[in-house]
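Trainee: Take the sequences, apply the hints, and build the full model.
Number of protein chains: 2
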Amino acid sequence: MMTKGEQSIAFEQSPFLMGSASVVGQKEGEGPLGKKFDYICEDKENMFGADSWEAAESNMQRLACRLALEKTGMHPEEIRYLFAGDLLRQGIATSMGVEGLQIPLFGLFGACSTSGEALALGAMTVAAGYAENIIAVTSSHFGSAEKEFRFPLGYASQRPLSASWTVTGSGAFLVGTQKSHVRISGVTIGKIVDYGLKDSQNMGACMAPAACDTILANLRDFGREPEEYDHIITGDLGYVGQSILFDLMRKKRKNIDSIHLDCGKLIYDQQTQDTHAGGSGCGCAAVTLSSYILPKIEKGEWKRILFIPTGALMSTVSYNEGESVPGIAHAIVLEHC
Amino acid sequence: MMTKGEQSIAFEQSPFLMGSASVVGQKEGEGPLGKKFDYICEDKENMFGADSWEAAESNMQRLACRLALEKTGMHPEEIRYLFAGDLLRQGIATSMGVEGLQIPLFGLFGACSTSGEALALGAMTVAAGYAENIIAVTSSHFGSAEKEFRFPLGYASQRPLSASWTVTGSGAFLVGTQKSHVRISGVTIGKIVDYGLKDSQNMGACMAPAACDTILANLRDFGREPEEYDHIITGDLGYVGQSILFDLMRKKRKNIDSIHLDCGKLIYDQQTQDTHAGGSGCGCAAVTLSSYILPKIEKGEWKRILFIPTGALMSTVSYNEGESVPGIAHAIVLEHC
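Protein chains in written order, with the working numbering: chain A, 1 to 337; chain B, 338 to 674.
Don't read these hints as lab results, they were simulated from the structure.
A portion of the hints provided could be inaccurate.
Said to hold, decoys possible - Calculated pairs, EDC-like style, for lysine to aspartate or glutamate (alpha carbon to alpha carbon, straight line, at most 20 Å):
(1) A:K4 with B:E415
(2) A:K147 with B:E658
(3) A:K71 with A:D38
(4) A:K198 with B:E436
(5) A:K254 with A:D221
(6) A:K303 with A:E228
(7) A:K296 with A:E227
(8) A:K4 with B:E469
(9) B:K341 with A:E78
(10) A:K299 with A:D230
(11) A:K44 with A:D274
(12) A:K198 with B:D388
(13) B:K535 with A:D51
(14) A:K4 with B:E414
(15) A:K44 with A:D269
(16) B:K640 with B:E672
(17) B:K341 with A:E77
(18) B:K341 with A:E132
(19) B:K484 with B:E658
(20) A:K179 with A:E78
(21) B:K484 with A:E321
(22) B:K535 with A:E99
(23) A:K71 with A:E298
Unchecked claim - Here are some of the chain A residues that sit facing chain B, going by a computed Cβ distance under 7 Å:
(24) E54
(25) Q90
(26) F109
(27) L313
Stated by the list, open to error - According to the in silico footprint, chain B covers these stretches of chain A (three or more CB under 8 Å from chain B):
(28) 98-106
(29) 178-191
This one's a predicted model, so the numbers in the text were calculated from it and none came from an experiment.
C-beta: ideal position from N, C-alpha, C; glycine also.
Mentor: Dropping the structure here:
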């Protein structure tokens, strides 16, 4: 085991991303990645057979785990630990969702960066020999997130163009010691970065400084230049956050314009889907990783990717009390093998 | 590194609990452990110099970390990772509290079991060689928790005798490779255990089955009998939860009556402090561990302790939607050395 620099870990024995699954709502199914998802909700309200949005989100997490297990040919009993989280208060979608799997659980919260946190801790656990297999799972649901953070949907309040659209989706990842074509060669754990921004309707701007900080830490710790990655892929900065990230990186004399992608931009067609700045939420980066990014690494089309889910650390209470919205971002180095 | 059984990890090279600090409110300062805490808030409202309960809780976390660093003679730059959490929605006390330390952060949620989760992940990280030093910190605040979960304090609603009193407190723990007199020799990660109870005013009953499950898993995985521990110490089962735990353990032919302690019972004087079932909250187990349990292990008065913070996985939304309150508990094996 090798620890590099200040924030990163380079694994001597890389754990493998052995399988994954993505479960999404109808809007995501109609977007550019639609055909790549494993499961698209059949009912218009995205209820996944439940009678509340929170329960729907729980069902999504459970389904994503079940599908990831199924696709990898494994059973819940073979998974030693589960690393999981969501956006709701007290991580309730996770607690209710994964209960039935009966896998020892680490509950996590990193806002929309949680899929990065879960994959990092999961990979660290496998690489240390604590577990042969773990699952990392995260989710978000447009209905439960709007209810939690914003106005009742029925108010039909106008959304500014800087606002993002919470992805209804859950991605589950099986990380283990069994060889596959994707290995997690290292991780960079983010610090909280706070530029004092207070606009919860412009989360891209709130998170861009954290993404920049973690990317720079990764490049520093691993002694790499941006072009040593085929792509640097953030979680949900969207259009506004991306342009801020480019500016911040250029100030540090790093240009990532040509290799940067953002899951929040990839998941919707901004022109036709009325999603403004792009997709966001704990599910955004997770389902995009599972459906779009991993297959390209598996095939060897991409050799090395820096995947950086980004989170805006806020609650309705902190927002109402006038606090700023600091950001955090965790990076995962994914390599074809 | 050795993984034992299904849920536990026995460390080949045990990390050490190098130092800790406890920060509490006035009521805790007036309780049986009063003189043992590092810092007792001086103002009656437990505001810690802030103007909201949430900000007060953030200040407590920051202060606990600073004191733990000071007592151990270390600087924030020497701490590689921070594992932290609280009870509030989206872990906002943590995000706002530890921001200034600028230590790469893993945000956690396990309800009142979070101090166990943080210590487990922190110990795993150090034992794997990923970090020389980490800090695990958790907090709860009576004011912010009542605001989050219950009725406005001004309503003066009656509390049933099974209800617990949220501890205003934060405990921070410095875990690392440098030898001290307390080592973390192993951990047992809990599963979610749900007996279908729905009474959020009786969390002891909701959590007791999870505590029982994790204790049994620990005994099974390590091949131990209860008496091989000087004490088995749960987080915040209180009087009601303790008697249920005893019953459940007896059904499994394990008697822990004479060696069991509960932080929720230790922290207040039930007779004079009107705390009903006992103390609870993310801070309860943490400050009791720091102020009362660790000094006894350091001195060698206790040789081996099983420490099990217990959590009730609920949110106001899940409660209002009629969901049950499942429990979770994570166990840490602490040994004198």
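Trainee: Any hints this thing doesn't respect? Which numbers, in order?
Mentor: none
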